[in-house]
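Given the coordinates of chain A, assemble chains B and C onto it according to the supplied hints.
One-letter residues, chain by chain:
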Amino acid sequence: MTSVEPSEIRLSPGLLTIAAGLVAWQALSLFFPPVIFPGPWTLLQRMAAIYSDPASYAVVAQTLRRIFEGFAIAMVAGTAFGLLMGLKRDVELFFDTWIMVLLTVPAVCWAFLSVLWFGISDIAPILTIVLIVFPFVVINIWEGTKAMDKDLMEMGSVYRADRSLMFRKVIIPQLMPYIFSSLRIALSLSWKIALVAEAFGAGDGIGQKLINWFQDTRVDMMLAWGVSFMIVMVLVDVLAFRLWARRMFDWRPQLAT
Amino acid sequence: MMTGSIRAAGLRAGSVVVLLLLWWIAAKLVHDPEVLPDPAAIAVTIAGNFQSPGPTGHSAIFHISLTLGRIFAAFAASMLLGIAIGLVMGRSRLVERALLAVIPLMLTIPTILMVFLAVMWFGFSEAGGLVAVMAVVTPYVAVNIFEGAKAMDGSLIEMGVAFKAQNWLLIRKVYLPQLMPYIFSAFRYAFGMTWKIVALAETFGLKFGIGYMFFFWFEQFNMVQVMAWIVMFVVLMLVLEHGLFARLESRAFAWRGAIAH
Amino acid sequence: MALGARSIDRTHLRPQPTVRPGPTLSTAIAVHNLTKTFSKPGTETQFVVLDDISLSVEEGKFVTIVGPSGCGKSTLLNIIAGIERYDTGSVQLSPRRGSPTHQPRVGYVFQSPRLLNWLTTAGNIEFALEAQNVPGQQWKERVTRQLEMVGLGGQERNYPLRLSGGMQQRVAIARALAIEPDILLMDEPFSHLDAITARKMRFDLMEILAKARPTILFVTHDLAEAVFLSDRIYMMKTNPARIFKEVAIDLPRPRKPEDPALLDLEKNLVQEFFGVLEGTG
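Residue numbers (my numbering), protein chains in the order written: chain A, 1 to 257; chain B, 258 to 518; chain C, 519 to 799.
I should point out that these hints are in silico values taken from the structure, not numbers from a laboratory.
Be aware that one or more of the hints could be misleading.
What the hints assert, rightly or not - Distance ranges between label pairs, derived from CB positions:
no. : chain 1 : residue 1 : chain 2 : residue 2 : range
1   : A       : 90        : B       : 316       : 25 to 35 angstroms
2   : A       : 54        : B       : 382       : 33 to 43 angstroms
3   : A       : 172       : B       : 465       : 48 to 58 angstroms
Bear in mind the structure is a predicted one, so any value in this text is a computation, not a measurement.
For glycine and all other residues, C-beta sits at the position ideal for the given N, C-alpha and C.
The following block holds chain A by itself, in its conformation from the complex:
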C-alpha cells in the first residue's frame, strides 16, 4: 500500500458511515412520499418551518421546564435517599424491595395513573419523571456509598468529626463521581420519559406534538420535532457534562477521563 497523506486520515470510517448513511437515506426517501419517509432535506425544511414559528418555542419551553423540574426533584430526593440507604443498613434492607418495585413499573403506567389522578396537566409528566428517575439515582448513589473507603470514615471518627463535617469533607467528595454519573443518566432518562408522559397526559409539549403527528400519520413532522429536540438534549449533555467534568476532577493526577 502506498503511504497515506495526513489529509486522507481525517476521513475516518465513522465519518464515512455517516456521510454514506445520509446519502443512502436521501436516495431511499425518493421512493416514498415525504410524509411517510422523509429524507434529510425534507426534515431540515420541516424543522425550519417549525422553528420559524414563535409558538413552537413555547412548546419546547414547556417540555424543558417539566424535564428540569422532574429531574431536579428526582436528583435531590434520590441522592438523599441513596445516601440514607447506603449509610443505614436497616433502611437499606427495608426499602430495597420498594425501590425494586419502582424500577419495574414502566413509564407509561405512571403516565396513565397520573392522568387518572390529576387529569391533563403538568403534574403527570413531572410525577412520571420523578418516579422513574428517582430509583435509578438511589441505586447509583447507594452503590457509591458501598464503594466508600471505610478507612477514611474511621479516620474521621477518630478525630471526632461531627456528621456535618463528615458529609462535607469525607462522604460527598467520595460520592462526586457517582453524583456526576447520576446527573448524566438522570437527565438522559428524564427527557425521554417526558416525551412519553406528555404523549398521554400533558395537553401540550413536544410529546404531545409527537403523538398528534403520529396519529395524523405524518412521519416528517414527527421526526422534525423529535430529531430537533434530540439535538438540543445532546448539546446540553455535551456542554454541561464534558466541560464540567474537566474542572471537577483536577486533584486526580492525569486520571481525568
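Just chains B and C now, kept in the frame of chain A:
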C-alpha cells in the same frame, strides 16, 4: 450471621406488609375507588380477570401469554443479533469504527420515537413491535459484547492455541466464559428494556396483550382495572427478573467461586 | 444488585473509655484486664482478640507495644481511641490538659496516611482542627508550624496524590500533632515505608516530639524500632493477644541506633521476644 439474614428477610417481608398496609389505609382515607382502590378490590379484580373472558373476549391468560411471547421473541432476536454484531465489531476494526459512529446515535433516540416509527413503517403488527424492540436493544447489546470481546484475555487464547485446541473447543471453553459477564449484564438490561418497549408498543398499536389492556381500561377511566393490570404486570416482571435471572446467573458463574455476588 | 454488603454504620462505636484521673495523677492511659472477643459472621465460633490486657502509660512518656503484625494491636489502639467497643475490663484516660471535664485530645497516625486526597495538605490538617473545634483564627498558624516541623514547609497547597508515601505520612503526623493532642496513638506508622525513609522518619519524630510532649502509645512489629524510640515497651503475642513482658528502656536521649548500649539491650530482648513468639507459635 444467622441473625443477620433472618433480620434481613424480616425487614424485607415487613416492608411489603407495610406497603400493603399504607395502601389500604390511604385507600380508606380517600374512600373513592376511582382514585385509589384498596388492595383487596384489586386482588378480586385480578382474580376475576383470570376467570372470565374480559371485554375483548379473552381472559388474562391470553393477554399475558401474548405479551410474554412477544417479549421473549424480541428479546431473543435482539440478543442474538446484538451478540453477533458485537463479536464482529470485536474482530474487525473497520466494522468497529463504522458502527461506533452510528450506535450512540441509535441509543440516544427516545424509545417512544422508535416505537412510533416502527409501528408506522412496519405496521400495527408483530413485525412493528419486533422492530421497535430490536432497534433499541440490539445496539446496546452489541456495544456491551464488543467491550467484552475487546477485554478478552489474549494470553488465555494463546494458551488454547498453543495446546492446539480446536476452534469449537476454544469458543466453548475460552471465549464464552470470558464473555459471559458481558453477555449477562447485557442480558438483564436488554430484558428490562424489552418488556418496557413491548408494553409501550402494545399501548399504542399492537392488538391485545397487557399493554393493550392498560390502554383499554385507561380510556374507560377504570382505575381498578388499570391498577389491576399494572400489578399483574409488575409482579410478573419481578418474578421473571429476580427469580429466573438470579438463578441462571449463579449457575453460569459457578466457576468464579466466591468472587461473584 | 448486591444487597448483602454491609453499609457504613456508626452505631457500634461505643462504649467510650472512661475519663477520670488514673491510679496516679500522672497516668495518661490506664488499661485493666481488657478483653475483646469477636464472632465471625455466619458462624457460631468466637475467638478472643484481646485477652486480659493490662498496661499503663505515664504522661509525656513514649510507650511501645511490640508484637507480630495483625492480631489485636490495632484493635487495642482503636479501643483507646474510642472507635471500637470492648467486652470486659476498663480503659481510663486522663482528661484534657486544662479541661478536667473533657475527654483528652487524641491524635492518631495510621499505617497508611488516610488523607483526604481531594483536599490540599493544609486542608487535611484543617479537617482535624475543625473536627476538634479548634477556633478558626488559629488554623493558619498551626498548619504552617506543623508542616514546617515535619519538614514540609511550603507544601500547604499541594495535593496528597502528588506527594510520595513518606511525605504523605508526614502530613498525617502533622495532622495528628496540629490538634495539640494529649495522647498520640501511632499504629505501625512507618511499616509501609522503605527502610531508608523509615529511619529518617524515626529521627524526625524524635526531634518533633522533643518539642511537644504528648503521651505516646506506639505499636510496631519491629523490636529495634521499639527500643530506639521508647521509654518502655510491652511485648505482645498473638492468638489471642496477650502481654508477656514489660521492659523499661532507660537509655538517655537523643539516641543513636548504632549505640552499643542500645544494641546490647536489643540483643537481649530479641532472644526473649522471639523465644516466646516461636516457642508458643
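Per the hint of 25 to 35 angstroms, is the separation of the Cβ atoms of residue 90 of chain A and residue 316 of chain B within bounds?
violated, 42 angstroms
**Asked** For the pair residue 54 of chain A and residue 382 of chain B, does the Cβ-Cβ distance stay inside 33 to 43 angstroms?
**Response** holds, 40 angstroms
Does the Cβ distance between residue 172 of chain A and residue 465 of chain B fall inside 48 to 58 angstroms?
The hint (48 to 58 angstroms, Cβ to Cβ) holds, given that residue 172 of chain A and residue 465 of chain B are roughly 50 angstroms apart.
Violated hint: 1 only; the structure is consistent with all others.
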